[in-house]
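Undergrad: Sequence:
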Amino acid sequence: MGKLDGRVALITGGGRGMGRAHAVAMAREGADVVICDIDFQVDGIPYPMNSPDDLAETAALVRATGQQCVARVADVREFDELEDVANAAVAELGRLDILVANAGTFAAGSIVDLEVRQWATVVDTVLTGVFNAVKAVAPHLMAQRSGRIIATASGMGRHGTAQMSAYTAAKWGVIGLAKSAAKELGPYGITVNVLNPGMVDTPIIRNDHLRRLWNPELEDPTDADVDRKVLELGLHHMPISVLPPEDVAAAAVFLASDDARYISGGTLEVGAGYAANYT
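Going by my numbering, the first residue of the sequence shown is number 48, and it counts up by one from there.
Please keep in mind that the hints were generated in silico from the structure rather than gathered at the bench. There may be inaccurate statements among the hints.
[Stated by the list, open to error] Using C-beta positions, here's what the derived DEER-type ranges look like: (1) D100 / E139: 14 to 24 Å; (2) A209 / T326: 13 to 23 Å; (3) P263 / V163: 15 to 25 Å; (4) E264 / G77: 23 to 33 Å; (5) G49 / E266: 27 to 37 Å; (6) G91 / D306: 37 to 47 Å; (7) G49 / R275: 36 to 46 Å; (8) M189 / L278: 37 to 47 Å; (9) F87 / D267: 36 to 46 Å; (10) P234 / M48: 22 to 32 Å; (11) E264 / S227: 36 to 46 Å.
As the structure is a computational prediction, the values presented were derived from the model and not from experiment. Glycine included, C-beta positions come from ideal geometry on N, C-alpha and C.
Go ahead and model the full structure; you've got the sequences and the hints to work with.
TA: Here it is, written out as structure tokens:
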């Protein structure tokens, strides 16, 4: 018996990284899974984004658990595309119970140097993308008077961060959006919560742009240099530099399960002590 037997989970940004970990973890607990992600490089984003093969790989991993998987290409910045994904989930799998609004991106730079289009891309993906996902899925959950919504914010959504104004502002906004949604949807038996991860071992962290951003003094920085800098700066207060995405996925499974049926409007910090940096 799995914690999510008989349920259907929709995960945005499911092509790789934390989205893939969420999809596999929920499938292992008995859920059928719907994943969506983009399949192109967005202008102004300084690291390689999802490839056409990533969704297929996640879908194969989900199906290897014995659960069904529906994979769709969709851009979370476009409400109509997410509405189509939600409708496809119900049409193909019969119901929809869980939303993990996980898709995200970043572009770094000072407020003076960050391009307006980069700001717009980050905010539209990270914050508006969550709004679009919740808006698309909520009618299905309201109709059955039950459901779980889990949005991914960040430890950086709880404090100011130089060079990351768009990301920080958008993630902070996700928390406010989720708390508002918890008030609106609670009467329908729907919980809404936020995951606040610390630094997680995903392609957003493991790329040449971020290596150089964190280590401008080095000619050819490596992932090990990023790991060292995370520990030096005291972002995590446990002896780990970046978290396995599976640990964040375990928290998502908990919030999606009956064990968390009366937890709503809150944030769950999964950051190896990152939460000790803010109130």
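Undergrad: Next, verify each hint and record whether it holds.
TA: Against the structure, the hints come out as follows:
1. Checked against the hint of 14 to 24 Å, the C-beta distance between D100 and E139 comes to roughly 22 Å, which is consistent with it.
2. Taking 13 to 23 Å as the suggested C-beta distance range, the pair A209 and T326 conforms, at roughly 20 Å.
3. Here the CB-CB span from P263 to V163 is close to 24 Å, well matched to the stated 15 to 25 Å.
4. For the pair E264 and G77, the beta carbons lie near 49 Å from each other, so the given range of 23 to 33 Å is not met.
5. Roughly 49 Å separates the CB atoms of G49 and E266, a value that falls outside the hinted 27 to 37 Å.
6. The given range of 37 to 47 Å is respected by G91 and D306, whose C-beta atoms sit roughly 41 Å from each other.
7. A C-beta distance of roughly 39 Å is found between G49 and R275, which places it inside the suggested range of 36 to 46 Å.
8. Against the hinted window of 37 to 47 Å, the Cβ-Cβ separation of M189 and L278 comes to about 45 Å, which satisfies the hint.
9. Checking the proposed 36 to 46 Å range against F87 and D267 shows it is violated: the Cβ atoms sit about 29 Å from each other.
10. A hinted range of 22 to 32 Å holds for the C-beta pair P234 and M48, which are about 30 Å apart.
11. The given range of 36 to 46 Å is respected by E264 and S227, whose C-beta atoms sit roughly 42 Å from each other.
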